[in-house]
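Undergrad: Listed below are the residues making up each chain.
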Amino acid sequence: MIIRSSDEVPRTTVLKRFPVPRNFGVDAASRINRGRTWPAPRGATRIKRFDVYRYDPESGQNPRIDTYQVDLDDCGPMVLDVLIWIKNTVDPSLTFRRSCREGVCGSCAMNIDGTNWLACTKFNADLATPATIYPLANMRIIKDLVPDLTHLFAQHRLVEPWLRSKSPEPERERLQSPQERAQLDGLYECILCFCCTSGCPSHWWNGDRFLGPAVLLQATRWLVDSRDEATGERLDDLEDPFRLYRCHTILNCTRTCPKGLNRGKAIADVKKMPIERRS
Amino acid sequence: MSNARMRSPLGRALGLGSAKDGVEAWWRERVWAVALAPLTVWLTVSILMRADKGYAAVVAWLKMPVTTTLMTLLLVALFHHIAFGLQVVIEDYVHSRIKIPVLVGMRLGCLALGVAGLVAILKIALGA
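Top line first, the protein sequences correspond to chains W and E. Using our numbering, the letters of the first sequence map in sequence onto residues 1 to 279. Using our numbering, the letters of the second sequence map in sequence onto residues 1 to 128.
Hints in this document: simulated from the structure, not taken from any laboratory. Remember, it's a predicted structure, so these values are computed and weren't measured experimentally. Just so you know, even glycine gets a beta-carbon here, dropped at the ideal spot from N, CA and C. Watch out, some of these pointers could steer you wrong.
[Said to hold, decoys possible] Derived pair list, reagent style SDA-like, types lysine to any residue, alpha-carbon separation capped at 25 Å:
1. Lys48(W) <-> Ala125(W)
2. Lys272(W) <-> Leu16(E)
3. Lys271(W) <-> Trp32(E)
4. Lys87(W) <-> Lys143(W)
5. Lys265(W) <-> Trp27(E)
6. Lys265(W) <-> Lys99(E)
7. Lys87(W) <-> Asp113(W)
8. Lys271(W) <-> Asp21(E)
9. Lys272(W) <-> Trp26(E)
10. Lys265(W) <-> Trp26(E)
11. Lys99(E) <-> Phe242(W)
12. Lys271(W) <-> Val224(W)
13. Lys271(W) <-> Leu10(E)
14. Lys271(W) <-> Asp92(E)
15. Lys272(W) <-> Pro38(E)
16. Lys99(E) <-> Lys48(W)
17. Lys63(E) <-> Val45(E)
[What the hints assert, rightly or not] From the derived model, a few chain E residues whose C-beta atoms are all more than 10 Å from chain W:
18. Leu10
19. Lys63
20. Thr68
21. Gly127
Produce the complete structure using the sequences and hints provided.
TA: Here's what the structure looks like:
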């Protein structure tokens, strides 16, 4: 089935994780151990178990899974509320990124119950028991749930995500018709949380060269912008067996996009553009 | 190693730059795959129809000019499809120095097998 948006995805999945033994082929220093269990506060009645990935490179220890018994009556309805509750009342050392708590900043992207999503827009009620919370996959981990996004932002910088114009600078705004503006719908909404790129197998195997869905969506956004005059140069920079054509339309990006954007289609449209210009 | 780490993140992301090429390879993968689809259906149906007809009937069928033409086209499309598919698989998963030798070997292997198939078809078609 071709997935067009992340809200088309069935809630239950057959395989929560690919059936290989845990820690299969993992370097001894990266093996995930069982960590501490933090009991629920006394008097709590509605308790849910959260298994959370913990890693502190300065401790010299392996990553571990800590178990937190969370009092759902004492915190908000979202996964981010749970994390904040843990940090405030149970374990202040738990580290994660968060800012807007309403799905706009893209800071709290993490792997929740096997799916990349924003912690602030994921309901606790939709999670399995125990719920599992890991950082975004395929990134160097700085601490706990905080991945190193340096390379992804460098790839974003590579596509020059700003207006490039050759016409003389206008006196007033650069005009765009409502129809031309509508071309950006489904592209401009991306908040660069990198849920998609982290879930993309092509980016796992060739992330050094393949740009990944988040960056390619941003590239599309500037390719179709009627005010931009560098479309040709942009296409030259993208047309590459690895940068662009390493996408095999696996569609994990579209499945996991917390903003419901069809990244697979955006990339497919870009792949066709060089054909248009040479035939 | 230390040099690799001191290179700027943008420098690392830029790498060797864009190949400014790749659409050709991507497009021919699709064209050959589409060409192969009807030929595969034709071959499957034809073989099933002759499943109980015996050796002589199949050889007689293969000697028909239409069959020889379609079989030749099928072999050409099939081995192009295999070569382009394997190229993607190798580029995806092989990251060591053997990548280029493996790619060349795979291409030559596909060429050899394809030529062997064509010789077989022509031998039947032109044979006594």
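Undergrad: Now, for every hint given, state plainly whether the structure supports it.
TA: Tested hints:
no. : hint                    : in the structure
1   : Lys48(W) <-> Ala125(W)  : 10 Å, holds
2   : Lys272(W) <-> Leu16(E)  : 24 Å, holds
3   : Lys271(W) <-> Trp32(E)  : 17 Å, holds
4   : Lys87(W) <-> Lys143(W)  : 14 Å, holds
5   : Lys265(W) <-> Trp27(E)  : 17 Å, holds
6   : Lys265(W) <-> Lys99(E)  : 30 Å, violated
7   : Lys87(W) <-> Asp113(W)  : 20 Å, holds
8   : Lys271(W) <-> Asp21(E)  : 11 Å, holds
9   : Lys272(W) <-> Trp26(E)  : 10 Å, holds
10  : Lys265(W) <-> Trp26(E)  : 16 Å, holds
11  : Lys99(E) <-> Phe242(W)  : 14 Å, holds
12  : Lys271(W) <-> Val224(W) : 13 Å, holds
13  : Lys271(W) <-> Leu10(E)  : 24 Å, holds
14  : Lys271(W) <-> Asp92(E)  : 18 Å, holds
15  : Lys272(W) <-> Pro38(E)  : 24 Å, holds
16  : Lys99(E) <-> Lys48(W)   : 49 Å, violated
17  : Lys63(E) <-> Val45(E)   : 17 Å, holds
18  : Leu10                   : 5 Å, violated
19  : Lys63                   : 39 Å, holds
20  : Thr68                   : 32 Å, holds
21  : Gly127                  : 42 Å, holds
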